[in-house]
Amino acid sequence: MSKQLAAKTLSGALSGTLVKTAASSPAFALQAFNSLVEAHNSYRVVREQEITKRQQIAAWETTQITAIREQASIIHDYLDKSFAERRENFSQLFTLLDKGIESGNDQAIQAALTGIIETTRQSPLREALAAVRAISDPSVKSIDI
Amino acid sequence: MPFPLLIPVVLGLASAALGATGVKKGFDAKKDFERAKDVGESAQNKYSRAQHHLDQARETTQHHLEALGAVKLRVFEDQIGYLVNVLKKGRSKISGFETEIGLTQEELRAFEGDVLKAAHVSMSLGGSAAAGAMAGMGAFGLVGSFAAASTGTAIASLSGVAATNATLAWLGGGSLAAGGMGMAAGTWVLGGVVAGPALAIGGFMLASKAEEALTEARAYQAKVEVASEEMKGVRDVLAGIDRNIEEVQHTISQMVERFEQIKTDDVTNEQAMARMVQMGRALRELLNIPVIDAEGAAVRDLHIRISGAREIAGREAA
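If you're matching them up, the sequences are chains A and B in order. Here the working numbering is used: position 88 in the first sequence is 88, and no number is missing along the way. Each number in the working numbering corresponds to the 1-based position in the second sequence with 1000 added.
To be clear, the hints were calculated from the coordinates, so they are not data collected in a lab. Only a predicted model underlies this, so the values are computations on that prediction, with no experimental measurement involved. We put the CB at the ideal spot given by N, CA and C, even for glycine.
Simulated restraints, written as ranges between beta carbons of each label pair: (1) H76(A) with K1088(B): 43 to 51 Å; (2) R1074(B) with R121(A): 15 to 23 Å; (3) D1078(B) with A111(A): 25 to 33 Å; (4) E118(A) with E1257(B): 18 to 26 Å; (5) S91(A) with H1063(B): 24 to 32 Å; (6) D1028(B) with R126(A): 50 to 58 Å; (7) H76(A) with K1093(B): 55 to 63 Å; (8) A27(A) with K1046(B): 51 to 59 Å; (9) E1270(B) with F83(A): 38 to 46 Å.
Given the sequences, and given the hints that come with them, work out the whole structure.
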């Protein structure tokens, strides 16, 4: 038996029973009616509350995901540019080092080595995360990426 | 029909109409419970997939760190080892050798210490903690302690999600439906009255519970969606760490190339010796620069742990 058919059959049987019972016992009819009205009202209140909660959940979800995606996009762009810039810097520093070695210029060698160490020490990730933090800071007016 | 009899009949008809709605709601509730269950299960599957992808990304980073660790170990043993051997030879042959080539006693001891530590790590390879030690070497070099190999922990304690199984069990509907219905219908049935109104009231109550179950499922789904997005963010950071590791590895190999060009064992050539020390000093410093910040390169409030390396502590959400 399908669900609709079962519901109809049950409802039909229920109507018959209720009408018969009401005719034989008016007090019970009133009690049953009141209980049904109360149950129906209670259900409507719960339904309204739950619909509101689900709308709030959807709004929270959208806000959170939008914020996370924005941050992810900033980190992604920042890292792309940062690594490209670093690649260029390293290339120049090693060129300087090679020239220093060829010409025996200790100062150039030292400058190149210091640059290589310092560039390596700078963490592109830390900078990317700092950019994300800065975006959340209302006192920061502009960010260079 | 006499008037006094009409009232209960009208009431009975009204009750019957409302009762039919209640019964229908009861049937609809079953569908809603099933929907809630589907939503919960689908969210659970999504969470598992996101976690799996994150685990894969973490493993990739772990392997990159191990590879970098192996490179660093080799450089400590080969290039820094070579430098230490030559310096020792010079010190034994020439008085005031260190001063002449601009090297302090402390520095020489530090070089020697690193070579010894590297030899120690090398000897311990093959043990169960080898991969962890190697990843630790990759992440931090020989400076600082590299923690004992851990089993690796995934994203920790996402509120709500941890209670997944309980939620799903709850969303199963069976026990809830039985319980909810039982309480409502109990008084009627026990009172020896007809089961009809009880069934209708039970239908309304079941429908209320189904609404609540739908909300619970939606809340769980939303948390999973947010958590999955955050996990993607962590994967982006791990990919950034991977790029950083590759960059450091490339820089080390470039430096090794230059060291090999200028290295010498002629201890009488002060200038050449001084240059080799200069290059070795920079190389050693490079090897000991941590790829992963000790304070952590984590995003938002998620904590990552790279197995065998060291915890990357998270920070508060930006």
